[in-house]
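Using the supplied hints, reconstruct the complex from the two chains, each of which is provided in its own coordinate frame.
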Amino acid sequence: DTEVTQTPKHLVMGMTNKKSLKCEQHMGHRAMYWYKQKAKKPPELMFVYSYEKLSINESVPSRFSPECPNSSLLNLHLHALQPEDSALYLCASSQVLRVSDYGYTFGSGTRLTVV
Amino acid sequence: GNSVTQMEGPVTLSEEAFLTINCTYTATGYPSLFWYVQYPGEGLQLLLKATKADDKGSNKGFEATYRKETTSFHLEKGSVQVSDSAVYFCALRGTGNQFYFGTGTSLTVIP
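Chains D and P, in that order, are what the protein sequence lines are.
Just so you know, the first sequence maps onto residues 4 to 118 in this note's numbering.
Just so you know, the second sequence maps onto residues 211 to 321 in this note's numbering.
Chain P on its own, in the form it takes in the complex (with noise of 0.2 angstroms):
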């Protein structure tokens, strides 16, 4: 079956610091992987994508590879702002209509 394993938080960092969020998955067939992020009392919003395996997503400083060999598609952020503080959820997509999100990861940066 499909399932995304997000790594735990929440997670507090000092502005200008480096970012990861593991997320792993495990799927049948060639998903497609994304990076939502939601902030305070809002939907979710689309941060970047991947659809298949080496590809790389990136918008606003963030980077994600899709990694087929490790079923990873891990974010990253070479320095991180007060305004990255949002909650952040994995999810992958196949073939059907459903995604799968992770737990999701609290980010908190402080100045």
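Next comes chain D alone, as it looks inside the complex (with noise of 0.2 angstroms):
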């Protein structure tokens, strides 16, 4: 299995909604990431997970709230959203030793739309 799923595919929720993401890998790999892509946009890291702890959160609100309940799995769970956080949210994971020699295997994404 060489692929990162990520369900749903697509998502429309309102301001008061609460929802999650979810991202699942059996890839072995220990590093896993969530990240936000605006249209016409490169990817923005959101936040990195290693070893199933979180290792880097870029300033990220706390109406997007990360968990790693295990090496296989990575959720974003989303709470009072506004409009603005409408985007590609992309999951991805990669191995972590001698990190600097492999990519990052992406899912597909979820194409999240906050009404």
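These aren't lab readings, by the way, just hints derived from the structure by calculation.
Note that the structure is a prediction, hence the values are computed from the model and not measured.
Ideal Cβ placement from N, Cα and C applies to all residues, glycine included.
Heads up, none of these hints are tricks.
Residues of chain P placed beyond 10 angstroms of chain D at every Cβ, according to the derived structure:
| hint | residue |
| --- | --- |
| 1 | 222 |
| 2 | 228 |
| 3 | 234 |
| 4 | 278 |
| 5 | 280 |
| 6 | 282 |
| 7 | 288 |
| 8 | 289 |
| 9 | 294 |
| 10 | 317 |
Pairs of lysine-lysine, DSBU-like flavour, derived with a Cα cap of 30 angstroms:
| hint | chain 1 | residue 1 | chain 2 | residue 2 |
| --- | --- | --- | --- | --- |
| 11 | P | 262 | P | 278 |
| 12 | P | 270 | D | 41 |
| 13 | D | 25 | D | 41 |
| 14 | D | 12 | D | 22 |
| 15 | P | 287 | D | 44 |
| 16 | D | 41 | D | 22 |
| 17 | D | 25 | D | 56 |
| 18 | P | 262 | P | 287 |
| 19 | P | 270 | D | 12 |
| 20 | D | 12 | D | 56 |
| 21 | D | 12 | D | 43 |
| 22 | P | 262 | D | 44 |
| 23 | P | 287 | D | 41 |
| 24 | D | 22 | D | 56 |
| 25 | D | 44 | P | 278 |
| 26 | P | 287 | P | 266 |
| 27 | P | 287 | P | 270 |
| 28 | D | 44 | D | 12 |
| 29 | D | 43 | P | 270 |
| 30 | D | 22 | D | 44 |
| 31 | D | 56 | D | 41 |
| 32 | P | 266 | D | 43 |
| 33 | D | 43 | P | 287 |
| 34 | D | 41 | D | 21 |
| 35 | D | 25 | D | 43 |
| 36 | P | 278 | D | 43 |
| 37 | P | 270 | D | 44 |
| 38 | D | 44 | P | 266 |
| 39 | D | 21 | D | 44 |
Written as structure tokens, this is what we have:
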């Protein structure tokens, strides 16, 4: 299995809703990432988990709450989002050791629309 | 610090034309360099990579050579196809877990 699977593919939510994005990989990667991508822009790093521990939080608002329950799963819990949070949310994973030799494996993303 | 500067787009080419997308970087230490491709509505896919100076990455007819002397990693393809239409991102990765992406170059190939 060489994929990162993200669900759902599309999500529409109201500003008072609570929802979660899910990411799963079975490649034995111990680093997992959340990125946010707005239209016609590069991905922006949100969070990095290394060995299931949060290692980087790029000053992301608390309405985004990541969770890494085990080495294969990464969740992003959403609450009280704003319309400007509408974007493509990408999950990625990678090796940790000899880290610079390896690229990320990206999922296909969740297209989030906040109404 | 680390950063990537990528050629502005959009780029429009006729089928079978030669493609070059320029990428230069600034980095501390010895980064690895990558090209990612993003097709409409999809995530990013690794296209090719090079992990040290003078390495050439290649895949699907695309090539890029890691040039330390010019701090460049330009993407080339000798004959593009309509199916190559996508957004291309140059990226570098240092010793940490963080990638640094360029702004992306949109390529449209017309028949």
